[in-house]
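Peer 1: So you can see what is in the structure, the chains are spelled out below.
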Amino acid sequence: MTVAGTDRRWDADTAVEQLYAAHYRRLVRLSVLLVRDQQTAEEVVQDAFVAMHGRWRSLRDPDKALAYLRQSVVNRSRSVLRHRGVEAKYAPALHTSQSHDEPAADQPVLDAERRTHVLDALTRLPRRQREVLALRYFLDLSESDIADTLGISRGAVKSHASRGSSALRTFLEDAR
Amino acid sequence: MNDHSPKDRDLHDLHDLLQDAVRDVEPRDALDAIRSRTKVTPMHSGRNWLLGSGAAVVAVAAVIIAVVVLGNQGTPQADNPPVATSPSRHASPSTAASASASASAEARTAGQETTVPVYYPGDTPHGVRLYREFHQVVTTEGLSEALNEAVGRAADGGPSKPYDPDYSVPWPSGTTIEGVDDGADQITVNLGGPALAQRPAGMSDATARIAVQQLVYTATAAAQKTVPVRFLIDGNAATTLLGVDVSPSVERGDSLKVLALVWVSSPNEGAQVTSPFTVTGVGAFFEANAVWELKQGSKVVKHGHTTAQECCTLSPYSFKVSAPPGDYTLVVHDSDASGTGRATPQDTKDVTVIKP
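So the protein lines, in turn, are chains A and B.
Going by numbering that gives the first Met the number 0, the letters in the first sequence line up with residues 0 to 175, in that order.
Going by numbering that gives the first Met the number 0, the letters in the second sequence line up with residues 0 to 355, in that order.
Calculated from the structure, these hints are not laboratory results.
All values derive from a computational prediction rather than experimental measurement.
One thing to keep in mind: the hints can contain errors.
[Unchecked claim] Within a straight-line C-alpha distance of at most 30 Å, the following computed DSSO-like cross-link-like pairs (lysine-lysine) qualify: (1) A:K63 <-> B:K354; (2) B:K301 <-> B:K319; (3) B:K319 <-> B:K354; (4) B:K319 <-> A:K157; (5) B:K160 <-> B:K256; (6) B:K298 <-> B:K319; (7) A:K157 <-> A:K63; (8) A:K63 <-> B:K160; (9) B:K319 <-> B:K294; (10) B:K294 <-> B:K160; (11) B:K256 <-> A:K63; (12) B:K224 <-> B:K301.
[Unchecked claim] Some residues of chain B that are not near chain A, with every Cβ distance over 10 Å (derived): (13) H14; (14) G182; (15) T187; (16) A342.
Using N, Cα and C, we set each Cβ at its ideal position, and we do this for glycine too.
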């Protein structure tokens with residue numbers, strides 16, 4: 000056990016505030032890529048922050064805390080999917096973009112369609128592939144950070160990434 | 000995106016596609032919601048004691064009552080989570096109501112948390128023995144999640160470790176709980192993973208036996224009934240597990256031979272507490288005399304002793320400690336340590352005393 004100096008060290012509340020300000024939106028977006036549904040994603044990330052607060056004393060360090068948050072968001076997203084069950088997985092999920100009550104200009108509609116296609120295609124990927132793609136191409140994590148986050152080898156990260164990207168491409172082409 | 004796209008173009012596309020796919024996701028502000036859940040949550044998940052003024056008194060009283068009740072049942076290892084004394088969050092009334100119910104009693108919606116007992120091996124002077132922690136998991140199925148934690152997988156599939164670094168997960172990496180059947184007369188646990196029938200190289204027979212008991216204790220604790228546990232490996236009845244005979248089923252072993260003889264139940268490892276704080280646990284102490292020390296490094300800042308309810312069997316104890324704010328290691332051990340220099344059963348917890 001260490002009796003470290005307390006100066007310059009964040010307490011758990013400060014850690015939550017700082018990391019929330021810097022990363023909340025990005026983590027919610029990460030979770031949306033994994034669970035498709037924004038409200039679920041927000042709950043997942045809030046749970047992760049609460050858990051991080053509880054673990055702050057063993058984390059102590061903002062980088063470690065962020066790594067913990069990432070891991071927690073991925074794991075909790077996975078858990079939500081598992082409990083939501085297969086039938087809900089392919090049901091029309093709450094759309095992540097604002098609802099368009101009024102006719103929108105063409106470009107926003109096209110944007111929304113493209114986004115829907117990508118999110119739908121992601122839900123069709125095996126879980127690990129989806130996670131690896133999201134961590135790699137959305138969060139821009141390195142292979143070794145992805146391996147740490149998911150608790151798998153770097154070799155597995157590579158193979159999930161390569162299979163996932165080719166499967167995603169196929170799904171997206173099918174959808175056209 | 001054509002197949003003949005150059006690879007870097009491809010990567011570039013994927014990056015843009017995923018960034019773009021969630022560009023319009025603007026979450027509502029949730030800082031207040033998070034704060035309200037982390038603020039004053041006595042024994043929230045047992046990990047984090049932030050005892051507010053009034054709440055502290057109530058919570059401490061509740062813990063003592065809980066311990067006394069356990070003691071009266073003669074089952075100091077009774078596995079009611081400490082969270083029973085207070086709702087861990089205010090999100091919904093059902094959370095509070097279900098916190099004290101059997102961990103597997105009712106389905107909960109995804110995203111809700113529940114507290115489950117999880118046993119972990121740790122070294123003691125009597126060899127490897129089991130300690131218990133309470134883990135908060137997001138789950139609809141407390142029993143299988145408790146077992147998943149026990150084999151080193153978080154409730155949600157990621158890696159999981161005991162909070163206390165003195166404890167360990169004995170199961171080979173990659174071990175999973177594939178399914179659990181919570182039957183009236185027995186609990187069936189279906190395990191998946193690499194070569195679980197055989198004892199892995201480097202694992203002692205004693206550790207293997209304790210690992211099997213770890214799952215039996217965790218399963219029966221989470222299900223809140225003392226029934227035999229039947230093991231399957233990949234869906235087939237297991238005759239051996241880690242080289243230990245488990246056919247046809249395994250019951251809880253003698254607690255004095257399987258469990259560590261001194262536990263600190265609360266505060267948990269890494270807890271933040273305000274002074275004075277109450278320490279509770281169970282132990283089988285010589286002459287029922289539990290000795291404790293509060294240390295900073297090797298320096299003993301405070302020490303004392305207390306009497307457990309009964310001698311020589313696992314029996315509840317509790318005492319109060321006052322200390323100025325700071326980081327400490329709390330040690331509770333059996334009494335005949337003094338003088339002989341002989342190792343005695345003990346449990347240690349790192350705690351931080353914070354300003355009220």
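Peer 1: Could you run down the list of hints and mark each one as holding or not?
Peer 2: Structure-based check of each hint:
{"no.": "1", "hint": "A:K63 <-> B:K354", "result": "25 Å, holds"}
{"no.": "2", "hint": "B:K301 <-> B:K319", "result": "11 Å, holds"}
{"no.": "3", "hint": "B:K319 <-> B:K354", "result": "17 Å, holds"}
{"no.": "4", "hint": "B:K319 <-> A:K157", "result": "53 Å, violated"}
{"no.": "5", "hint": "B:K160 <-> B:K256", "result": "24 Å, holds"}
{"no.": "6", "hint": "B:K298 <-> B:K319", "result": "19 Å, holds"}
{"no.": "7", "hint": "A:K157 <-> A:K63", "result": "24 Å, holds"}
{"no.": "8", "hint": "A:K63 <-> B:K160", "result": "16 Å, holds"}
{"no.": "9", "hint": "B:K319 <-> B:K294", "result": "15 Å, holds"}
{"no.": "10", "hint": "B:K294 <-> B:K160", "result": "25 Å, holds"}
{"no.": "11", "hint": "B:K256 <-> A:K63", "result": "39 Å, violated"}
{"no.": "12", "hint": "B:K224 <-> B:K301", "result": "39 Å, violated"}
{"no.": "13", "hint": "H14", "result": "5 Å, violated"}
{"no.": "14", "hint": "G182", "result": "22 Å, holds"}
{"no.": "15", "hint": "T187", "result": "20 Å, holds"}
{"no.": "16", "hint": "A342", "result": "19 Å, holds"}
Hints 4, 11, 12, 13, counting from the list given before, are not met by this structure.
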